[in-house]
Structure formats: C-alpha cells, structure tokens
Amino acid sequence: DTAVSQTPKYLVTQMGNDKSIKCEQNLGHDTMYWYKQDSKKFLKIMFSYNNKELIINETVPNRFSPKSPDKAHLNLHINSLELGDSAVYFCASSQVQSSYGYTFGSGTRLTVV
Amino acid sequence: SQQGEEDPQALSIQEGENATMNCSYKTSINNLQWYRQNSGRGLVHLILIRSNEREKHSGRLRVTLDTSKKSSSLLITASRAADTASYFCATDARSGDMRFGAGTRLTVKP
Numbered sequence: 001d002t003a004v005s006q007t008p009k010y011l012v013t014q015m016g017n018d019k020s021i022k023c024e025q026n027l028g029h030d031t032m033y034w035y036k037q038d039s040k041k042f043l044k045i046m047f048s049y050n051n052k053e054l055i056i057n058e059t060v061p062n063r064f065s066p067k068s069p070d071k072a073h074l075n076l077h078i079n080s081l082e083l084g085d086s087a088v089y090f091c092a093s094s095q096v097q098s099s100y101g102y103t104f105g106s107g108t109r110l111t112v113v
Numbered sequence: 001s002q003q004g005e006e007d008p009q010a011l012s013i014q015e016g017e018n019a020t021m022n023c024s025y026k027t028s029i030n031n032l033q034w035y036r037q038n039s040g041r042g043l044v045h046l047i048l049i050r051s052n053e054r055e056k057h058s059g060r061l062r063v064t065l066d067t068s069k070k071s072s073s074l075l076i077t078a079s080r081a082a083d084t085a086s087y088f089c090a091t092d093a094r095s096g097d098m099r100f101g102a103g104t105r106l107t108v109k110p
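Chains as they are written, first to last, in my numbering: chain A, 1 to 113; chain B, 1 to 110.
Bound-form chain A, shown alone (with noise of 0.2 Å):
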C-alpha cells in the first residue's frame, strides 16, 4: 500500500488553465503538506494542512488554493497556470512530535506549455 500517493504523477498543460493534483495518506497523519520543487533542487513549502485547517500560507500566489475534504487529503487547486508554474509538486504527511519525519509523494511533474 502506498502510504502518500498523489495523482496524476506527470501533467502537461496551456498556460491559462486550471488544474488539480491529489494527495492522500493512509498512514493516519495529523498534518499533510504542499512542496514545489524548482529545476534547482530547491524546496519550497506551500501550505500546510493540521485537522483541516490552513496553518501555513507561504508567500504563494492566491491562483493557488489547497483544499482539504478530510484528514487524509489534500488536493492542491491551480488557477490561470503560468510559465513559472513548472515543477514537481510534492505531497506530505507528518505526525505532531514523530521520529519518523515527514513522508513524501513521489511527486507531480507539472509542465506548463
């Protein structure tokens, strides 16, 4: 069973559409998470998510728009996709105070045209 999958694991798309990545967990984490990847490496937290409520909100543009319908989703909405947009996405879960550290997706390949 995967423990964090998130869908689809590629996406091509034209500028200006609207798109959506899913995340689920069933390892029963309190708290799940967003990270945009850049072509550098970097990773970038978007938005956290703990019992259903937004508890981080990074300086990330309003296009983008997390949305939790239970604890163990975390769907990242995309508006009016632009150039920048290109990355992977990766999806997260964590418990408060683990050892275990955060379990991660295998990732979104988003690749804006």
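Since the hints were made in silico from the structure, they are not lab data.
Treat each hint with caution, since some may be false.
[Stated by the list, open to error] Have a look at the derived ranges for each label pair, beta carbon to beta carbon: (1) L75(B) <-> N51(A): 32 to 40 Å; (2) S20(A) <-> K26(B): 30 to 38 Å; (3) A72(A) <-> S12(B): 36 to 44 Å; (4) A78(B) <-> L27(A): 42 to 50 Å.
[What the hints assert, rightly or not] Here are the simulated BS3-like cross-link-like pairs (lysine-lysine), alpha carbons at most 25 Å apart as the crow flies: (5) K109(B) <-> K44(A); (6) K71(A) <-> K22(A); (7) K71(A) <-> K19(A); (8) K44(A) <-> K22(A); (9) K22(A) <-> K36(A); (10) K71(A) <-> K40(A); (11) K67(A) <-> K44(A); (12) K41(A) <-> K26(B); (13) K36(A) <-> K26(B); (14) K44(A) <-> K70(B); (15) K36(A) <-> K19(A); (16) K56(B) <-> K70(B); (17) K26(B) <-> K56(B); (18) K70(B) <-> K26(B); (19) K70(B) <-> K41(A); (20) K41(A) <-> K71(A); (21) K67(A) <-> K9(A); (22) K26(B) <-> K40(A); (23) K9(A) <-> K40(A); (24) K109(B) <-> K40(A); (25) K19(A) <-> K44(A); (26) K19(A) <-> K9(A); (27) K40(A) <-> K56(B); (28) K71(A) <-> K36(A); (29) K9(A) <-> K22(A); (30) K9(A) <-> K36(A); (31) K40(A) <-> K70(B).
[Stated by the list, open to error] To give an idea of the interface, some chain B residues facing chain A are shown, with a C-beta separation under 8 Å as derived from the structure: (32) L43; (33) G59; (34) G103.
All residues carry an ideal CB built from backbone N, CA and C; glycine is no exception.
Since the structure of chain A is provided, determine the placement of chain B on it from the hints.
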C-alpha cells in the same frame, strides 16, 4: 525562505569510500532531519536528531549536530552504488513545518 544549506553541492566517490555531507542553518531548532531523494522520486526520511542530541547512528549512517555552530553532518560509511542520490537536511521552522536546503548530489561510482 530556505533554512538548511548543504555543502558540498555535489560529491563523487568510489564505492567503499565514506561520504560526508554538511548542513548549516541559521536559526535555533528543535530538530534536524536528513532525507534522501533518488532521481525522479520523492524524499525519503533517513534520520532525525533532536537539538539536545549530539550524535545519532542508523546502520551505515552517522549524523552529528553542533547547535553552537548551527551545523550538522551526515556520514555514509562504506558507500554503495545504490547510495547515489541527493541528500537534504531539513530544520523545523517557527511555523512548525520543515524547511529544506538545495541538497548534496552524491554519486557513488562502482
């Protein structure tokens, strides 16, 4: 903003040699974590060291933490070709999430 910064950016060694990667950070932390990322895959958690710990071992991995210098090191002993990957350190930010550096790209030649 990024918190951890790994050094070197890239490291190439022969199988059987030891690999040492360093991480520096800027603000006080509760814990520091190391992760591995294979090409095209997600990050995998390797080890967590708390701010009151100085050294931790896990198999062939040895992590040290010096809070006075705000630095950590990851040592991989007797490296294998399968250790080829990027290695990231991450520190907990005040907001509670983990902040990552750009990683060290390790290549182990067979």
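Each hint tested on the structure:
1. L75(B) <-> N51(A): 32 to 40 Å: 38 Å, holds
2. S20(A) <-> K26(B): 30 to 38 Å: 35 Å, holds
3. A72(A) <-> S12(B): 36 to 44 Å: 41 Å, holds
4. A78(B) <-> L27(A): 42 to 50 Å: Taking Cβ atoms as reference, A78(B) and L27(A) lie about 32 Å apart, which means the hint is violated.
5. K109(B) <-> K44(A): 30 Å, violated
6. K71(A) <-> K22(A): Since the Cα atoms of K71(A) and K22(A) sit roughly 13 Å apart, the hinted pair holds (cutoff 25 Å).
7. K71(A) <-> K19(A): 22 Å, holds
8. K44(A) <-> K22(A): Holds, at roughly 18 Å.
9. K22(A) <-> K36(A): 14 Å, holds
10. K71(A) <-> K40(A): Violated, at about 31 Å.
11. K67(A) <-> K44(A): 19 Å, holds
12. K41(A) <-> K26(B): Holds, at roughly 20 Å.
13. K36(A) <-> K26(B): Since the Cα atoms of K36(A) and K26(B) sit roughly 22 Å apart, the hinted pair holds (cutoff 25 Å).
14. K44(A) <-> K70(B): Roughly 21 Å between the alpha carbons, so the hint for K44(A) and K70(B) holds.
15. K36(A) <-> K19(A): Satisfied, since the Cα-Cα distance of roughly 15 Å is no more than 25 Å.
16. K56(B) <-> K70(B): Between K56(B) and K70(B) the Cα gap is close to 16 Å, so the pair holds against 25 Å.
17. K26(B) <-> K56(B): Within the cut-off at roughly 21 Å; holds.
18. K70(B) <-> K26(B): With Cα atoms ~7 Å apart, K70(B) and K26(B) stay inside 25 Å; holds.
19. K70(B) <-> K41(A): It holds: about 22 Å lies between the C-alpha atoms, which stays within 25 Å.
20. K41(A) <-> K71(A): Roughly 28 Å between the alpha carbons, so the hint for K41(A) and K71(A) is violated.
21. K67(A) <-> K9(A): 19 Å, holds
22. K26(B) <-> K40(A): Judged against 25 Å, a Cα distance of about 21 Å means the pair holds.
23. K9(A) <-> K40(A): 20 Å, holds
24. K109(B) <-> K40(A): Holds - the C-alpha atoms of K40(A) and K109(B) are around 23 Å apart, at most 25 Å.
25. K19(A) <-> K44(A): 20 Å, holds
26. K19(A) <-> K9(A): 13 Å, holds
27. K40(A) <-> K56(B): Since the Cα atoms of K40(A) and K56(B) sit roughly 29 Å apart, the hinted pair is violated (cutoff 25 Å).
28. K71(A) <-> K36(A): 21 Å, holds
29. K9(A) <-> K22(A): 10 Å, holds
30. K9(A) <-> K36(A): Holds, at about 14 Å.
31. K40(A) <-> K70(B): Distance of about 24 Å is within 25 Å: holds.
32. L43: With a closest approach of 4 Å, the L43(B) hint holds.
33. G59: 15 Å, violated
34. G103: With Cβ-Cβ at 5 Å, under 8 Å, it holds.
Going down the numbered hints, you'll see the structure goes against 4, 5, 10, 20, 27 and 33, while the others check out.
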